[in-house]
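*Asks:* Start from chain A and add chain B according to the hints.
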Amino acid sequence: MELKICHLYRDVMNLSGDRGNVTCMVKRLNWRGIDVFTAGVGVGQSLSASAFDLFFIGNGQPFTQPLLLEDAAQKSAELRAAAEDGAVILGICGGYQLLGRTYEENGEIFEGLGLLDVHTKCAATRLVGDYAFTCEDPETTVVGFENHNGRTYLGEGVRPLGKTVQGHGNNGEDRTEGARYKNVFASYAHGCLLGKNPVLCDHILQTALIRKYGTAELLPLDDAQELAAHRYMENRLMK
Amino acid sequence: MNIRVSLSVIACKFCRAALRMLGRGGTDLPGRVALKLCPGVLETLAKTVTTIIVTGTNGKTTTARMIEQALADSGISYFANRSGANLLSGVTAEFAMHSSVSGKCKYDYAVIEADEAAFKAIGRMVDARAVVVTNVFSDQLDRYGEIGLTVENIRIGISHCKNAVLCLNADDSLSGSLAEGLENPVVFYGVDGPIYKSRVEENSDAPYCRVCRHPYTYDYVTYGHLGGYRCENCGAARPVPQVSVKEVLISDGERSEVVMTADGKDYPTTIALPGGYNIYNACSAMACGKALGLDMEVVAKALSSFSCGFGRMEKFDIDGVSLRMILIKNPAGCNQVLNFLTQIQEPFTFAVCLTDHTQDGKDVSWIWDVDMERLVAMGDTLGKVLISGSRADDMAVRFKYAGLPSEKLVVVRDYAELTRACIAEGRPCYIMPTYTAMLDLRASISKNYGFKAFWK
Numbered sequence: 003m004e005l006k007i008c009h010l011y012r013d014v015m016n017l018s019g020d021r022g023n024v025t026c027m028v029k030r031l032n033w034r035g036i037d038v039f040t041a042g043v044g045v046g047q048s049l050s051a052s053a054f055d056l057f058f059i060g061n062g063q064p065f066t067q068p069l070l071l072e073d074a075a076q077k078s079a080e081l082r083a084a085a086e087d088g089a090v091i092l093g094i095c096g097g098y099q100l101l102g103r104t105y106e107e108n109g110e111i112f113e114g115l116g117l118l119d120v121h122t123k124c125a126a127t128r129l130v131g132d133y134a135f136t137c138e139d140p141e142t143t144v145v146g147f148e149n150h151n152g153r154t155y156l157g158e159g160v161r162p163l164g165k166t167v168q169g170h171g172n173n174g175e176d177r178t179e180g181a182r183y184k185n186v187f188a189s190y191a192h193g194c195l196l197g198k199n200p201v202l203c204d205h206i207l208q209t210a211l212i213r214k215y216g217t218a219e220l221l222p223l224d225d226a227q228e229l230a231a232h233r234y235m236e237n238r239l240m241k
Numbered sequence: 031m032n033i034r035v036s037l038s039v040i041a042c043k044f045c046r047a048a049l050r051m052l053g054r055g056g057t058d059l060p061g062r063v064a065l066k067l068c069p070g071v072l073e074t075l076a077k078t079v080t081t082i083i084v085t086g087t088n089g090k091t092t093t094a095r096m097i098e099q100a101l102a103d104s105g106i107s108y109f110a111n112r113s114g115a116n117l118l119s120g121v122t123a124e125f126a127m128h129s130s131v132s133g134k135c136k137y138d139y140a141v142i143e144a145d146e147a148a149f150k151a152i153g154r155m156v157d158a159r160a161v162v163v164t165n166v167f168s169d170q171l172d173r174y175g176e177i178g179l180t181v182e183n184i185r186i187g188i189s190h191c192k193n194a195v196l197c198l199n200a201d202d203s204l205s206g207s208l209a210e211g212l213e214n215p216v217v218f219y220g221v222d223g224p225i226y227k228s229r230v231e232e233n234s235d236a237p238y239c240r241v242c243r244h245p246y247t248y249d250y251v252t253y254g255h256l257g258g259y260r261c262e263n264c265g266a267a268r269p270v271p272q273v274s275v276k277e278v279l280i281s282d283g284e285r286s287e288v289v290m291t292a293d294g295k296d297y298p299t300t301i302a303l304p305g306g307y308n309i310y311n312a313c314s315a316m317a318c319g320k321a322l323g324l325d326m327e328v329v330a331k332a333l334s335s336f337s338c339g340f341g342r343m344e345k346f347d348i349d350g351v352s353l354r355m356i357l358i359k360n361p362a363g364c365n366q367v368l369n370f371l372t373q374i375q376e377p378f379t380f381a382v383c384l385t386d387h388t389q390d391g392k393d394v395s396w397i398w399d400v401d402m403e404r405l406v407a408m409g410d411t412l413g414k415v416l417i418s419g420s421r422a423d424d425m426a427v428r429f430k431y432a433g434l435p436s437e438k439l440v441v442v443r444d445y446a447e448l449t450r451a452c453i454a455e456g457r458p459c460y461i462m463p464t465y466t467a468m469l470d471l472r473a474s475i476s477k478n479y480g481f482k483a484f485w486k
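Read top to bottom, the protein sequences are chains A and B. Residue numbers for the first sequence follow the working numbering, so the first one is 3 and each next one is one higher. Residue numbers for the second sequence follow the working numbering, so the first one is 31 and each next one is one higher.
In case anyone wonders, no lab produced these hints; they're calculated from the structure. On a predicted model such as this, the values are computed, not experimentally measured, just so you know. Idealized CB from N, CA, C, for every residue including glycine. Certain hints may be false.
[Unchecked claim] Residues from chain B that keep clear of chain A, each with C-beta distances beyond 12 Å, as calculated: (1) R159; (2) R260; (3) G433.
[To be verified] Okay, derived cross-link-like pairs now, DSS-like style, lysine-lysine, Cα gap no bigger than 27 Å in a straight line: (4) K134/B <-> K43/B; (5) K438/B <-> K29/A; (6) K345/B <-> K331/B; (7) K345/B <-> K77/B; (8) K392/B <-> K165/A; (9) K359/B <-> K345/B; (10) K192/B <-> K320/B; (11) K29/A <-> K414/B; (12) K392/B <-> K359/B; (13) K43/B <-> K66/B; (14) K320/B <-> K136/B; (15) K392/B <-> K241/A; (16) K295/B <-> K345/B; (17) K438/B <-> K345/B; (18) K123/A <-> K392/B.
[As the list claims (entries may be wrong)] Covered stretches of chain A (chain B as the covering partner; in silico rule of three or more C-beta atoms under 8 Å from a C-beta of chain B): (19) 25–33; (20) 51–60; (21) 160–174; (22) 191–204.
Chain A extracted, bound-state conformation (with noise of 0.2 Å):
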């Protein structure tokens, strides 16, 4: 078995150490067997979505970067598609604004990717700290690190990835945090997410095989070290 994975934009979207996500996903993948390949997709290269199962988008300068706006506005038709076809991508922050419809700063409205009818509205202050929220699918907890000044509003069809035990999550108002639409998972997370989420990255590795090969077992792992990460957070926010 073998997945293929893009690491969208890895040139310009490369804060906040959200690459931990594309190697969590590659290790735990290679653990058990399973082959990987990666390739990072930049500004200016041109990308053929259907190569590929996984997409992973992480955070960046500020959203409004001209040469990445244009670029994705012309990958975004691909991107779409691959999304509506069940493709599993991951967008971390910056790069879950840029997933979504619009983002609106000082009263201009600037067009992302499409792919989950949210918008992004930026306000003055930032959304910052250690935070918590609760998966239904997965069942699980997850923590992070959040760090944003955009406030983001689901959609109609767009499901949240979670809610928040402890933080801001989407918008500090309706507690909601992250995105589901189909196989598209987004979120404020930055820690690196799935480095103590590793029931989340078991998650999305495991639609990814299913999609692609229809049924897929994950031997399970020692995951002592990521659990105690995980717990340790945990305990302090839940004090």
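*Replies:* Below, chain B alone, put in the same frame as chain A:
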């Protein structure tokens, strides 16, 4: 004599003495008391002394130490905010402590290391003779929001320093722009070629031209986004430095030997601290020497004899084992430590302490942005990796995913125990702590092995 200033100075001295009697550093509170009693105290005291301000993301403390040594060797009396108290309150306290009750500084010069954000305020109150900007990297983003803000903070600080010579890093496109639109004289400094044989993989904080957003072309990279950059679209490029490192002859585990050049004259220089990033610090200290009109031979010589700041490659010899403590504050700094470590030939023990207090940066995500994989790839040269600090578990996960064999990975919660475990390995050991971890670990080492406390 201003009664309010005198009162403020007296209160500051009293407060510091009281805190020291209680065995505390007292680097912050006395300054806050002084400012409360007389908000203009720093401005008044600073008028009586020639001030050098050192700011930037990384290398402030080491650069300030080098400048101190250059002043001392030039026969100039000075004081410095040595204990790393680099916020407005800490800087105020240092000025008050080194002034007489009548509000006059007892020294001719002040070497002040200023936090980038605090520099905004300090620059307004202190009429600096020279401002040295070491570099700008992405640092503690939870505090500063984003990197552009760091540059803007420094820009505002500099705009107040109308009489200062600016010493700017020619190789850093982010801080190199700080002189634009200003009439201040500028001394650009830089390194004229690569400094490492091989480098770890790191993100660039400034891949695009700040004028036209076209990607930069590099003739060479020293580290991070530093190097010989130019924009092929609009022609923006690295300014020609007046002080530069022409050649790196040796850069090993103990020191670097380089040839610096200034005003057409070469200065063969030994830098008493290892690490390529300290070559930059030395070069910025030389630029400061030029800005102040010091004898450059004396400045170059001072670089071989200065003593480093706490935790900045600081060396402890305990029971025949050498321990070097290398402070890390952000991914750029950590990558430079990794660049240094991966050049080492002799097997060593490695320890890392990760904490997330406000001063450390509350977000530890950056540990995934640094190339631990390269360290792990050193194989047998890298011995045990001991991990400590409140976020030790996160760091342990990072090393697991970097491919470190589990038998090499040890989590030790207690700092005293960590030091013992490092010594027990019997090999040279490099300890990489975050800021508060460095203070705590250092306190533990001072207590158990009799080294100086951090404020002494």
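*Asks:* Given the hint that K359/B pairs with K345/B, test it: the Cα-Cα distance must not exceed 27 Å.
*Replies:* holds, 19 Å
*Asks:* Checking one constraint from the list: CA of K123/A to CA of K392/B, max 27 Å. Satisfied?
*Replies:* The hint holds at about 25 Å.
*Asks:* Evaluate the condition: distance from the CB of R260/B to the nearest CB of chain A exceeds 12 Å.
*Replies:* holds, 18 Å
*Asks:* Next pair to validate is K320/B with K136/B; report whether the Cα-Cα distance is within 27 Å.
*Replies:* holds, 25 Å
*Asks:* Is the hinted pair K392/B and K359/B satisfied, with a Cα-Cα distance of at most 27 Å?
*Replies:* holds, 11 Å
*Asks:* Are there three or more residues in the segment 191–204 of chain A whose C-beta lies within less than 8 Å of some C-beta in chain B?
*Replies:* Holds: 5 residues of the segment 191–204 of chain A have a Cβ under 8 Å from chain B.
*Asks:* With 12 Å as the threshold, tell me whether G433/B passes as away from chain A on beta-carbon distances.
*Replies:* Per Cβ check, G433/B is inside 12 Å of chain A; nearest 8 Å; violated.
*Asks:* Please verify whether K438/B and K345/B have alpha carbons no more than 27 Å apart.
*Replies:* holds, 24 Å
*Asks:* Starting from K134/B, check that the Cα of K43/B is at most 27 Å away, please.
*Replies:* holds, 14 Å
*Asks:* Would the hint linking K345/B and K331/B be met if the CA-CA limit is 27 Å?
*Replies:* holds, 21 Å
*Asks:* With the threshold set at 27 Å, check whether the alpha-carbon distance from K392/B to K241/A stays at or below it.
*Replies:* holds, 18 Å
*Asks:* Is K192/B within 27 Å of K320/B, Cα to Cα?
*Replies:* holds, 18 Å
Checked against the numbered hints listed earlier, the structure breaks hints 3, 7, 16, 20 and 21; every other hint is satisfied.
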